[in-house]
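Asks: Sequence:
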Amino acid sequence: MSLSWSSKDHKTTNQSAGAGQKRLRNDAGNKVTVVLGAQWGDEGKGKVVDLLATEADIVCRCQGGNNAGHTVVVDGKEYDFHLLPSGIINSKSVSLIGNGVVIHLPGLFEEGDKNEKKGLKGWEKRLIVSDRAHLVFDFHQVVDGLQETERQAQEGKNIGTTKKGIGPAYSSKASRTGLRVCDLLGDFKDFSTRFKNLVHQYQSMYPSLTADVEEQLKKLKEYAERLRPMVRDGVYYMYEALHGPPKKILVEGANAALLDIDFGTYPFVTSSNCTVGGACTGLGIPPMNIGDVFGVSKAYTTRVGIGAFPTEQLNAVGELLQTRGHEVGVTTGRKRRCGWLDLVIVRYAHMINGFTAIALTKLDILDVLDEIKVGVAYKLNGKRIPHFPANMDVLHKVEVEYETFPGWKTDTSAARKWNDLPVKAQNYIRFIENHIGVPSMFDTEGTVHFLFRGIYLRLLQLWIRSWFILSNQNKNKLKKTNNRNIYLYIDMSNLE
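Residue numbers (UniProt numbering): 1 to 496.
It is possible that part of the hints are untrue.
[What the hints assert, rightly or not] Listed next, the in silico DSSO-like pairs over lysine-lysine satisfying Cα-Cα at most 30 angstroms (straight line):
(1) 125 to 218
(2) 379 to 77
(3) 173 to 221
(4) 221 to 121
(5) 221 to 397
(6) 173 to 121
(7) 373 to 77
(8) 77 to 114
(9) 247 to 221
(10) 383 to 114
(11) 417 to 379
(12) 335 to 379
(13) 114 to 31
(14) 383 to 335
(15) 173 to 163
(16) 117 to 189
(17) 163 to 248
(18) 118 to 77
(19) 248 to 125
(20) 373 to 383
(21) 125 to 114
(22) 221 to 248
(23) 163 to 31
(24) 218 to 77
(25) 121 to 218
Keep in mind that the hints were calculated from the coordinates and are not lab data. Fair warning: this is a prediction, and the values are worked out from it, not measured in the lab.
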């Protein structure tokens, strides 16, 4: 007996109910474009998101909280975003905070009000918050700090969290004691009881924890009324958006693949899924509605906080990358650790996310180097290992195998098309493409060149799936293929 699909397997009750009824269409609806980090965060996802958000109808956050952040410069004004989707800057788009996000209401409104004073008008009318999103409370943030202190005392090291309460809030969610937006907007008496129970639960674990419960409840009640007009059923909203008129829907991931709670360098990770699956669970959308998945990677590697970093350079090279790249965290202000590009982790991120595009940022930071190294494999006891190690003790022991390239010693910051790049820089990029699985189609008739808002896009086939370049109408005129080529987007700009 063979296992196969046939038309008879798909008959519906509606079809057999009456000859006059139409058969249900298997319509997947609109696709969402997802932007994700391919390293340990701080790759420049904001640049790609900002580019796409200018044309998006809906921009979504699906996971994390205000532990992430980037700066957007518009008309000379700097706007800092940590919890709000960066699409909020676009007055014609809707921004959605999905159910997978944990929300600290004081932080949300402080961020919005601060940016409003800089010129971000009407943001509250453009923001939708899922009623299923969990809440981060002030005591979660205190507990976050207490846990870090405890780890330092017990193990001599901590995780290096942002102390924004993200981990404790997700812990409350997983233990089924957390409180959601819908709880806050429901029976406040019941909410207050559950809030007090949650505080007492944490106080039993951390006797030094103090909290003015009544004062916090008073503030939460005020936040509830300000929040109420923004709240929707996120699942229903996304379903309507996916199956209604054509829309450009963008999902901006926070953090990055190597910080994912399941696939990252555990335990030195964040507390949510920063990979493509988080877009589905964090917004309530089916996998069939995932379209392009753009992975963002620097031309070198950085990491904040503690954890294994095989290609880290604790020398003059690392200092140069840190200085030239202005490698300081937006959220924490901490200096980032720097090292050579590690293609082992980028390929690993691609295995998990199935990138349809790679955005390579900060290429020009390498302009002054005499030689440039790229990590291409890990060795353990002298033998190559074909996978990325799950065990951090093993990852600390690996030896990195490098490919060395001559530096181009030319300023590439003004390059806006492929031929503007020196040949040595082109060779560096081509090597990256080939190593992570990008088709080598550089000199074929199908190569197309675009200059779009200062970011040079080198697209590798005539059928361009990128919705931000072609309108939906134009896309429908192009012949679709099953070939999921990976395109490489190159950003020569050294702007955060």
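Asks: For each hint, tell me whether it holds in the structure or not.
Replies: Hints, verified against the model:
1. Taken as a hint, the residue 125 and residue 218 pair is honoured in the structure, with Cα atoms around 24 angstroms apart against an allowance of 30 angstroms.
2. Between residue 379 and residue 77, the direct Cα distance comes to roughly 47 angstroms. Violation of the 30 angstroms bound is thereby established for this hinted pair.
3. About 21 angstroms separates the Cα atoms of residue 173 and residue 221, which keeps this hinted pair within 30 angstroms; it holds.
4. Among the hinted pairs, residue 221 with residue 121 is consistent with the structure: their alpha-carbon atoms are about 25 angstroms apart, no more than 30 angstroms.
5. Restraint check for residue 221 and residue 397: not satisfied, since their Cα atoms lie roughly 52 angstroms apart, outside the 30 angstroms limit.
6. Between residue 173 and residue 121, the direct Cα distance comes to roughly 33 angstroms. Violation of the 30 angstroms bound is thereby established for this hinted pair.
7. At most 30 angstroms may separate the alpha-carbon atoms for a hinted pair to count; residue 373 and residue 77 exceed this at roughly 37 angstroms.
8. Distance check on the hinted pair: residue 77 and residue 114 sit about 12 angstroms apart at the alpha-carbon level, within 30 angstroms; holds.
9. Note on residue 247 and residue 221: the hinted pairing is violated, with a Cα-Cα distance of about 35 angstroms set against a maximum of 30 angstroms.
10. With a C-alpha separation of about 54 angstroms, the suggested pairing of residue 383 with residue 114 is violated against the 30 angstroms cut-off.
11. The hinted pair formed by residue 417 and residue 379 fails the criterion: a straight-line CA distance of about 37 angstroms is larger than 30 angstroms.
12. Of the supplied pair hints, the one linking residue 335 and residue 379 holds, its CA atoms being roughly 29 angstroms apart against a limit of 30 angstroms.
13. Simply put, residue 114 and residue 31 have alpha-carbon atoms about 33 angstroms apart, too far for the 30 angstroms limit, and the pair is violated.
14. With a C-alpha separation of about 34 angstroms, the suggested pair residue 383 and residue 335 falls outside the 30 angstroms cut-off, and the hint is violated.
15. Of the pairs offered as hints, the one joining residue 173 and residue 163 holds, with about 17 angstroms between alpha carbons and a cut-off of 30 angstroms not exceeded.
16. A threshold of 30 angstroms between alpha carbons decides the hint, and for residue 117 with residue 189 the separation of about 35 angstroms lies outside it, so the pair is violated.
17. About 34 angstroms separates the Cα atoms of residue 163 and residue 248, which puts this hinted pair outside 30 angstroms; it is violated.
18. Pair hint residue 118 plus residue 77 holds up; C-alpha atoms about 7 angstroms apart against a cutoff of 30 angstroms.
19. About 19 angstroms separates the Cα atoms of residue 248 and residue 125, which keeps this hinted pair within 30 angstroms; it holds.
20. A hinted pair counts as satisfied when its Cα atoms are at most 30 angstroms apart, and residue 373 with residue 383 qualifies at roughly 20 angstroms.
21. Of the supplied pair hints, the one linking residue 125 and residue 114 holds, its CA atoms being roughly 16 angstroms apart against a limit of 30 angstroms.
22. With a C-alpha separation of about 35 angstroms, the suggested pair residue 221 and residue 248 falls outside the 30 angstroms cut-off, and the hint is violated.
23. For the hint pairing residue 163 with residue 31, the CA-to-CA distance comes to about 35 angstroms; that exceeds 30 angstroms, so the pair is violated.
24. Between residue 218 and residue 77 the CA atoms are separated by roughly 35 angstroms; this puts the pair beyond 30 angstroms, and the hint is violated.
25. The straight-line distance between the Cα atoms of residue 121 and residue 218 is roughly 27 angstroms, inside the 30 angstroms bound, and the hint therefore holds.
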